[in-house]
Amino acid sequence: MKSCCHPNAKPSGFLFTGLNLWKLVAVGFLLILGSCTKDAVIEGPALVDLFGDFQVLEPVKTSRDSVRFGQGETVYLQGRFNKLTDWRVEVRGLSSGARKIITGKSRSLDAVNCVWNGSTTLFPMFRAEETELKLFVEQDSLLFQRRIKVLSVRQPGGFVLADFESGIRPGWQSFVQSGANMSFVIRTNPLAGQGNAYYDMGGLVNWDWLIGMLEFPASAYQAPRFPLAANPDQVYFNALVYLPDSVTNALLLIQFREDDNLDGQFNQSNEDMYALQCAAYSVNGAQTLQRGWNLISARYSDLVSLVNGQPSTPAGNNRLEPDRLQKVSVLMLANPSSGYSQLYLDYVVFTSNGPLQP
Amino acid sequence: MLKHNTKSKTLRAFLALTLIGLLVLPWADAQVLDPKKIRFSSYARGLMSAEGLREDSDSLGKAMMPGYALTDLGLHILPHSQVEIHAQLRVRSEYGGFWGSGLTLDLRQMWIRGLVNQKLRYQVGDLDYRMSPFTYWNHEEWILSNPSLLNSPTLGMIEYDLFQNSNRTRRQQGVVLEMGGVIDPLDLSLHASLFTTRVAASDFGSTPDRLLSGGRLRWTTGVGLHGKVNFVQLYDVARTANQPYLIHHPVLSTEWGLAPSPSKGRFWSLDAEGGLTRLGWNKADPGNPTVQDRPTLTDGFGWLRWESPLGRRIAGRSPWKGSLQAWYTGSDYRSATAQTKRINASRSPMAFKRLESMNVLRPMALNDLYRDASLYQTQVVAGLMEYDPGYGNALPYGLATPNRQGLGLNFVRNTDSTSFWNPSLDVQFMSDVKGQGVNNRRMFWLADWRNEWRLHSLLNLRRSWLVTALIRLEQTMRPDASGDAILSDVALNNLQASFQTRLELGSSWSAFAEWQLYRSQGHDYYAVRNPYSEVVDFARTDLDRTEQWIGAGLQYTMGDRFEAQLSTQQFVWRNGTAAMQARYPWNISQLMLIMKL
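Line by line, the protein sequences give chains A and B.
In terms of the working numbering, the first sequence opens at residue 1 and continues consecutively.
In terms of the working numbering, the second sequence opens at residue 1001 and continues consecutively.
What the hints contain is simulated information worked out from the structure, not anything from laboratory work.
Please note that a few of the clues may not be correct.
Which chain A residues stay away from chain B? Per the calculated CB distances, all over 12 Å, these [as the list claims (entries may be wrong)]: (1) Gln78; (2) Asp163; (3) Pro227; (4) Thr288; (5) Asn317.
Label pairs and their in silico Cβ distance ranges [to be verified]: (6) B:Arg1294 <-> A:Ser174: 54 to 62 Å; (7) B:Pro1244 <-> A:Arg299: 27 to 35 Å; (8) B:His1248 <-> A:Asp302: 35 to 43 Å; (9) B:Gly1287 <-> A:Asn206: 54 to 62 Å; (10) B:Arg1294 <-> A:Gln310: 40 to 48 Å; (11) B:Thr1378 <-> A:Ser106: 43 to 51 Å.
Derived, one-sided and incomplete: chain A residues facing chain B with beta-carbon distance under 8 Å [stated by the list, open to error]: (12) Val41; (13) Glu43; (14) Gly44; (15) Pro45; (16) Ala46; (17) Leu50.
Note that CB positions come from ideal geometry on N, CA and C, so glycine has one too.
Model the full structure from these sequences, guided by the hints.
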């Protein structure tokens, strides 16, 4: 073996003395080519998701055929596709007409991404009834259909002021103008937004904006104030409001009176009153109602003080304090020159940490 | 009020005198300057062509006779033995203007360069710079890298106009400093350069100031070992626009080379490079929680080449030279100054803009690429530019194409004027590093064979007669992945073939003829990228395109200072995909003159 230190050895003249250069070159090439098997992942979206034909790898089925949402049960779909698929589940109440829509994009359906907990997307809310569930994939192609029996409905939670199922609660106060065709009554029929009953507010009053009102004082619930959290960011007011097809002039004003000094009374001159509006037409700061049932949800901290519909400074301590709320008033209004007006009210409820999930 | 007016007039007079002084002083200096310290350079060319394009469905077709003459007047001033100032004005006259209405005057380039204390070299203004093919390099487009007797002159004009020279440098504007020295005890020679250029100017709205800075340290030892450290960074300057993000794109590499002296009997050389890149968008206001983070791409690259003379040496010279190279570029490897393409595939040609039969914009054709400078990109672009897979699918960004691992083999016969032929063969094989939308990876073959026969040597002719043939093939393949729900196979073939001949008629005259064919057929899935250079979609691209030239001409040359060429050719373009079925011949007869002084 020839040593680099041998007196007859040729001076190599470069730094890789003693190494076989060609082996070094070969190792270098191998190192670069060694990356050939490094990666198994792909770059970009999978081609099959973009261009592949849709196939069902595992047939779709439901987790149950009857469900008690009131006991916390849920229904979900199971199935597996060959590609990332846009899908839509529609559940329709066969007697209520309620609808639940769940959409997603996935390769499989399971208890995480395709579960129905009894909630509603399009009102009215589901009742104990038979429903029809349909699964659509790939641009409205019906893939699966099944009937599900709802044995008990979901209890959304929160403090319910009124659902009108048991009539007018003792302690509620109402005022109705002596106009024409006045209809401040509870009606029981399938049109109800929740359950079977709702409150019908309608009439023609051509001398005043106010047609009628219904008030929910805390005393009607055997409490000086409503049992709500003190943080206005955590409290949400919710109500279902129905706008009939022919009505274009309705304005609903909901007032929140606080007992700032905790004397058990509301004094308009030195205590806060906040408000929320919704209307059949466009009003500054008010939610515009659509035909049919609407879910009105407002965070308590977003309520404003209004005088004749205009923002104003509250008369009291100017603090939004839901734990000092003493009375909620629902005022049915309309321009006196605009003729007959009507709205339905149902399921008035306070929820915590988020709007009502019907 | 009167007092105010008087003051105002005085001020204006003062300003006017100052302005006149500023204007006159340099002129006066120039007047007394030694004429030897002023040097002129000039380039001029004129082109006139008669062109006609006729679609199959259009019996009459369209014609035009464009032409222009231009001259570049360069002025070199040497106010000091170690300072040179250069400015070049371009005067261009478009035929068809009326009394100068088609005349334009531009400052084409300007720079000042010099030496400080015999040690530091600087250049301010326009500058050309390059590093390595992976860091800072102006790659030649594969589709345009073949010689063409008919089209090389017009392509050369575009390259001259856009400063795209054979050195693969990029033209930038800024400042570069260079210095060097030798460390005697170590026999180590060092050379360093630093630069900063401005890629985009702020509008104080949506476009921030974008700068390109970097440097290179080159070292050489007396034993044939040399190396380089390259660093380049593209970045936005904060507070120059209302942009929520600022680009941050550094590229770092080291090169190593070993080239023993031929006097020691070693003729081979070994070169290698490796580096890392990062392309990211940093928040302009890091404390703003409403601005979402943007993706950051980081990756690496490596390259190794061995080159050596081949065959038995005759008179100390080998007839063949061979090289073997291997390289790897990660899928997230980004290098703006190496990946900015010359061809901007998103642009439309200026001539014959629409295919009237289909009422659509005429797609870019090879004939446009040889003639239309507006189809080229000059500004450095962050991310990956679009490209036409038919005009180079294997290496659309040259060696800087990301997501490739490859092997290349090159054989070239050394030019020998006594030999009757001069062939070369270049074969490269590569594949994706990451599969594009599927696990299967695409494979690419590139083959380039060309030969020049010197028939005058074979036939003992007095005048030179050259025949050149060239075949280039680019193949993209991907087998269908078994078990996939779709056919994910890829098969795209690009073929280029040409046959050229040139016959010398006299000491200055020669005649030439050429036939060239370019064909693209097959399909691939083209990666669609978002503004952050990530693949977000694949668009299936079907190609069935044929482009063909046939033409002949006469050339007159006077040294290397004057060249005149009269030629006529027919270019036929045909597209046969389902999306577009069209064909047109485009006839061109042109006269061009090029003069250099």
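Verification of the hints:
1. Every C-beta of chain B lies more than 12 Å from that of Gln78 of chain A, the closest at about 20 Å, which supports listing it as non-interface.
2. With a least CB separation of 40 Å from chain B, Asp163 of chain A remains clear of the 12 Å interface cut-off, as annotated.
3. The beta carbon of Pro227 of chain A sits about 35 Å from the closest Cβ of chain B, which is more than 12 Å, so the claim that it is off the interface holds.
4. Here Thr288 of chain A stays apart from chain B, with its beta-carbon at least about 28 Å from theirs, past the 12 Å limit.
5. For Asn317 of chain A, the non-interface assignment is confirmed: its Cβ lies about 32 Å from the closest Cβ of chain B, beyond the 12 Å cut-off.
6. A C-beta distance of roughly 58 Å is found between Arg1294 of chain B and Ser174 of chain A, which places it inside the suggested range of 54 to 62 Å.
7. About 29 Å separates the C-beta atoms of Pro1244 of chain B and Arg299 of chain A, a value consistent with the hinted range of 27 to 35 Å.
8. Between His1248 of chain B and Asp302 of chain A, the C-beta spacing of about 40 Å keeps the proposed range 35 to 43 Å intact.
9. A hinted range of 54 to 62 Å holds for the C-beta pair Gly1287 of chain B and Asn206 of chain A, which are about 59 Å apart.
10. At about 44 Å, the CB distance of Arg1294 of chain B to Gln310 of chain A agrees with the hint of 40 to 48 Å.
11. Restraint check, Thr1378 of chain B to Ser106 of chain A: a C-beta distance of roughly 46 Å satisfies the suggested window 43 to 51 Å.
12. Interface hint at Val41 of chain A: satisfied, since its Cβ lies 6 Å from the closest Cβ of chain B, which is below the 8 Å cut-off.
13. Of the supplied interface hints, the one on Glu43 of chain A holds, with its beta-carbon coming within about 4 Å of a beta-carbon of chain B, less than 8 Å.
14. Checking Gly44 of chain A against chain B by beta carbon gives a least distance of about 3 Å; that is within 8 Å, so the hint holds.
15. Interface hint status for Pro45 of chain A: upheld, as the beta-carbon distance to the closest one in chain B is roughly 6 Å, under 8 Å.
16. Look at Ala46 of chain A: its Cβ gets to within about 6 Å of chain B, closer than 8 Å, so that hint holds up.
17. Nearest Cβ of chain B to the Cβ of Leu50 of chain A: about 6 Å, under the 8 Å cut. The hint holds.
Going down the numbered hints, you'll see the structure goes against none, and every one checks out.
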